[in-house]
Amino acid sequence: MGQYIARRALVSIPVLLIASISVFAIVKATASPVAAIRSNPRVSQAAIEKYTHDLGLDKPPPEQYLTWLGNFIRGKWGTSIVTGRPVGPDIRDGLFNTMILGITSFLVSIVLGVGVGIFSAVRQYSFFDYLSTGSAFLGLSIPVFWFALILQIVFGLYLTNWFHLATPVLPTAGMFSPGATGIDLIDRIRHLILPVTVLSVQIVALYSRYTRAGMLDVLHSDYLRTARAKGLNERTVMMRHAMRNALTPLVSVAAIDVGALAGGLIVTETIFSWPGMGVLFISAMENGDYSVVLTWMMIVVAFVIVFNLIADILYAVLDPRIRYD
Amino acid sequence: MTDDIKSAHHPEIGELEIAAAELPDDTLARMGLDAVGASQWRIVWRRLLRHRLAIASFGILVLLGVIAVFANVFAPHGYATQYLSQQLRSPGAGHWLGTDTLGRDELSRLIYGGRISLAVGFGVALSAGVIGTIVGSLAGFYGGRLDTLLMRVTDLFLSIPLLVILIVAATLLGGSVLDIVIVLSIFFWMPLARIVRGSFLSLREKEFVEAARSVGASNFRIIVRHMLPNAIGPIIVNVTLAVAEAILIESVLSFLGFGIQPPTPTWGNMLAESRDLATTAPWLVWFPGLCILLTVLCVNFLGDGLRDAFDPTQDLIKR
Amino acid sequence: MTEPLLRADGLVKHFPVLRGVVFRRAVAEVHAVDGVSFEIAPGETFGVVGESGCGKTTVARLVMRLVDLDDGTLTSDGEDITRVRGEALRKLRLKMQIIFQDPFASLNPRMTVGDIVGEPLHIHNMWKDGGPRRVRELLDLVGLAAEHAERYPHEFSGGQRQRIGIARALALHPKLVVCDEPVSALDVSMRAQILNLLKHLQEEFGLTYLFISHDLSVVRQVCDRVAVMYLGQVVEVAERDALFDRALHPYTQALISAIPIPDPELERKRRRIVLQGDVPSPQDPPRACRFHTRCFKAQEICEQIEPELEQRCDDHPAACHFAEPRAPVVESPA
Amino acid sequence: MRTLRFVAVVASLLLVAVACGKEGGPSASNNAVTGGGGQNAGPLVLGAEQFPECLNPIDSCANASWEDWAVVDHVLEKAMTITPQGTFEATPLLTEAPTLANGDLTQNPFSVKYKINPKAVWDDGTPVTSKDFEFTWQAHMKTKGSIFTTGYDKITSVDTTDPHTAIVHYSQIYADWPDNFGGNTDYVLKAAAFPKGPDISGQVQTNIPFSDGPYKLTSFNKNELVLTANDKWWGPKPNFSPVTVVPRTDSNTEVTSLLSGEVSAIYPQPSVTLAQRLKSNPKVKYRVGGGSSYEGVWLNLAKAPLNDIKVREALFWATDREAVVNTIIKPSDPDAAVLNCAGWVPNVGPWCDNTQFANFHYDPNQAKSILTADGYKLGSDGIFAKNGQRLSLTFSTTTGNKGREDTEALLKEKWKAAGIEMVVKNYNSPSPIFTDILPKGNFQVAEYAQVASPDPGVTSIYACDQIPSAANQYAGQNFSFWCNQQATNVMKQSDLQLDPAKRLPLIKQVGAFVRQDLVWLPLYQKPLITAWRTDKIGGPIGAYNETGLGGFYNLYAWTKP
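Chains as they are written, first to last, in my numbering: chain A, 1 to 325; chain B, 1001 to 1319; chain C, 2001 to 2334; chain D, 3001 to 3561.
Okay, chain A solo, but in the shape it has when bound (with noise of 0.2 Å):
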């Protein structure tokens, strides 16, 4: 197992260095942090050459690309070169909203997911069987940003001018109330709830199909039968049986999906105003700010590795089948 960690680790090398090498040569190619400055009148062709040169964008690409590795090996991930910003304190914040997005959104849909699929596999053809999967097969139809849209409508506008309210019934963009000070729990709840919703309904959708498939094949399942006829009670049967072993596929995905959240909620954070990853990454994008995406990239290509590991490991520890060499 440690040679197999081991052996993972290091193969995510040349795929971490593939991958910047790519996307270095992707952005330069479509964006350049001179453009918009470029198509700024005010801004002369003499200035344009002066801040060309301070910011070694006329060096050639390799050279550049090997400059940022560099000091991104060193541990030094610079400064942005549009906002001239330091990179790592950008990512630290990024990161951390878009977590608290993500992991509150995996908390309500692990819980609900988890929760619905059990009782719909026990109550499997009953009434709350077939809605609730009709309604997880919603859930993982529902266009994004539709519904993200028409939530905001709802609960910002429709129901606010309902009951003739001075606030909205919820607020409909960032993170808490502007002007807030210190941390008001109930206006960082409140300030969750349509994001969250927005993102637990796809989650909570995939893991109750998850743990549902699971639970049948273990109700199923010959041992299950054993325990009962060894005279358990139907809760211990449940519960000491039946959901570890439905449940341990599920665990390695959301292990995988918390890894995959780094990268940023794109669509989410953008309608919501939440300053995390996603929002990070279109507007360095934009700007061509290739200083910003590629240690952008690096930090979220690792997340997904190392959690893909994690992920694994877990699945190894859960599942004694498994065995990796």
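Just so you know, these hints were derived from the structure itself, not from any lab. These numbers were taken from a predicted model, which means no experiment stands behind them. Among the hints, a few may not be true.
As the list claims (entries may be wrong) - Listing some non-contacts, in silico: residues in chain B with all C-beta distances to chain D over 10 Å: (1) V1073; (2) H1077; (3) R1225; (4) I1236; (5) L1277; (6) T1280.
Stated by the list, open to error - If you want a taste of the chain D side facing chain B, the calculated C-beta under 8 Å gives, among others: (7) N3252; (8) A3323; (9) A3409; (10) L3410.
Virtual Cβ for every residue (Gly too), placed ideally from N, Cα, C.
Guided by the hints, dock chains B, C and D onto chain A, whose structure is given.
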């Protein structure tokens, strides 16, 4: 799973189906017990028929497909025809689903837009299906260094969030229908490649593959005639679900401004560009959204039905 | 002895065991086949017998060129086929065919019986020349009906399936058919039928069989000559009767002593040689004589010097320092 | 979404605009520009469509208009500023504006004397001095990545002998001098805040820790920025404090936030039904008016078939500008009209002859007869062709801009009726459209906006030597690739003429050349809109709506309802 989390390349539910492919022969034998004289397809079809929702969905999809293909017959107006005096009419006589900011008939635009959206969905699913199948087949069949190489490439593609690479690539290529189909296809094949590889790795050890080789079958023939048909279930399910995903992702790209560019109508860009009108001309937001929802829902139901139909263990569970 | 149809000389096949962090490298090898030689004369049935894991199935695959040799040569009709590839290998398929052990796994479940039996014809461009008729003939030959061609393998019993496998093997008019435990997966009642069919086909078409089995009684029933394998090596080769009546190698003797005898009287009286311990791992086979860890005759020399497979009596080689003709404890009923 | 930044940049370049705005909503507002008085109206929340990512007022951060609109305008004081009427005037930082009349402007050699208000102090109580002017000049020239060097590069020295008088010496006459140390984009920096010297790169990226404006910046992060009243401010005290600016980068969310009351004012890009949405809430009012940036259909004269003036003429007849304005602009700005002058707008100076293109109206038959006379034949597909070459034109603009995309869709049908095919090929903005497509001439027809500045010179967009080429590293801005030597001569001549009265006929002559050669077709002035909640804000919000200073400029003067 369309936006955000999907962008992480969720290990598809389909990946669990490797298990189904691992036991094709004896499980089929089990299936055969109640299906004497039927080919696999007939068995699958019969089992699919039992899945009423899937069949209903299939019917709706066929209907949508027919309307899309014969859009010029069904659409009451041209998709680009402008009635400038009738800007933003709400649904009613003359324009059943209202008009947009240029006085174009929303129903007609939905019909023509559906043509593009469905074409994108199917185009992406098919081409990504082909790529994924080829990559997975080669990796699973030849194994060794080729397998390692291809799987590292797959990992590479999988480790970057889907939406991110799509945005990057769409920026590079452009916003025509073909561009978007190409971009989506290039980044949609990985889950399928893994599934196919898994199937092939187990199929490779089957005696019937050795039997084929011993009568002189070429590698190509072995892959195409012997291994692929035994891995077809997961492939079909996956390709079907990819249709839904491609339609959704196209709409997300449109929302972010990287999708198919107007004036070519797609449900995605119609929805995206009227999002400012949600309160003033809600029909422009509701109808494209509902079209996407309905289509994707139907595809998902169909995919689910197919999954059950291809999954031999389902027989063990009493319906 | 006439020119052999097939000569195997010093066949070696090792499978690597991979380990490693970044670069996977072979840290050990499974010695599946380790220097096996034999000759098969036209028209005979040559048996290879041994416990499971002794490498006899690997021999079948080596002979069929389904896996590549690490060392040794294969000669067919005087032609070196050790390294043939591509078109030449395809040609070779016309001469040599194989019947597999598991009739459930060896038939593609997605193909009809007609397609399975007809596939060799398609591959070798013989379909246009009366392919469907040939398929009917072949099915008829193995005792199946022509209309079975439209059906799928899962609709057949094990015995029927093995007939389909035989029909496929015969489609190309091969000279040599490798039978890799063709009846071990079948019910006893089926076995005789299939063995009879094989015998009948051999007579009708003058086939040569390389017959692989772990079942000595089956071998005794069908083979003309028999090679006994232990841990990837041939320890004894003999005419059937010579082997069963005068086994030279202690391992063969032990095997034969374990054959059940139908007569309860004799069964009670006979002395069985019981081998000690398990078969050692082929990954790390014992030095010198590989059998010495379990041999009831083993002495010091067996741990130091590897015995050659050498002639002991007429055309009866055995690899043992203490090989000797030895009267069987119990007269065989035959 | 992606184009917003560019549009915003262009909008910030307005040097002068005249108040010609109209107001929507229930009641008219008081437009007094002066105001304030510290009535302590309490906190206020504003929505920013583009949130500044960094604050350095000299490097590329300053390229984002929202940095000025949301932060710097309120924190730092300019020397000269722009009135809602589009003229320059002194801010409270100066005791009076430098003029030739009071001798503070000298012509030969050219110098500007700024008399600093003795009451002007930084928020730590230290006075604003001529050293700060000198430092500002130095910072613009020496900061790594500084983008606004225009004008500063002509300064030879700043005389700081008297702390309250800064005399700026230029090497040559620079007519646009008010745009240094002030104007649209510039400010006076505090020398003492930068002990490391005039290269201020990498500093003040996330905070501007000093203030000589009505507000201080007390917090800045990706969620919001907070402005609080500067109690050392010597001008009229602001009423609202603290003022929180929050990002609302999704245009739909932005409007929703205003309608729901989460923010109290926004300065959004107009969209077709924006006005309608704003009207849906009786507590919301807005002001709309055409700014100084003008939208047009630009042609690549270097490439066939648009090098043929007859084709251009036919195209102009085939382009229904009336319909574009009616459909795209009027829903927001009912008073909008088709623009007919070739490089200026009616409300910036006397330069616009708004009749130049007035005779072109939509007449597909006219277009057809011109093409037929030019040797084109109508094909069976309804598209003209000549020598086997179909009259198919690629129309390009920036992606993701609904107004422009609608214009394309609308004109596509109109052109088709005249036998001209339009192929739409849009590009991201700013790259590649402003780095590759336009400068390298990889287009046929393009729609984009230009800005009318108070200086009427149009040399940079029309002169022969401004055609982008490898020689000038594709930095030329004459994207039409139009070269009329006669016209270029007149332009150069006009640039040397400082007397407006003598300059006017020359400018009109340039316009006539543009009209004669049919270089491009003007469409409309881009409308600007400021919207606010009447239950939160009284006057005089929106006074600067049509100027480059933006809808929030006089935040200090806003009052309670």
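Structure-based check of each hint:
{"no.": "1", "hint": "V1073", "result": "holds (21 Å)"}
{"no.": "2", "hint": "H1077", "result": "holds (12 Å)"}
{"no.": "3", "hint": "R1225", "result": "holds (45 Å)"}
{"no.": "4", "hint": "I1236", "result": "holds (36 Å)"}
{"no.": "5", "hint": "L1277", "result": "violated (5 Å)"}
{"no.": "6", "hint": "T1280", "result": "violated (4 Å)"}
{"no.": "7", "hint": "N3252", "result": "holds (5 Å)"}
{"no.": "8", "hint": "A3323", "result": "holds (6 Å)"}
{"no.": "9", "hint": "A3409", "result": "holds (4 Å)"}
{"no.": "10", "hint": "L3410", "result": "holds (6 Å)"}
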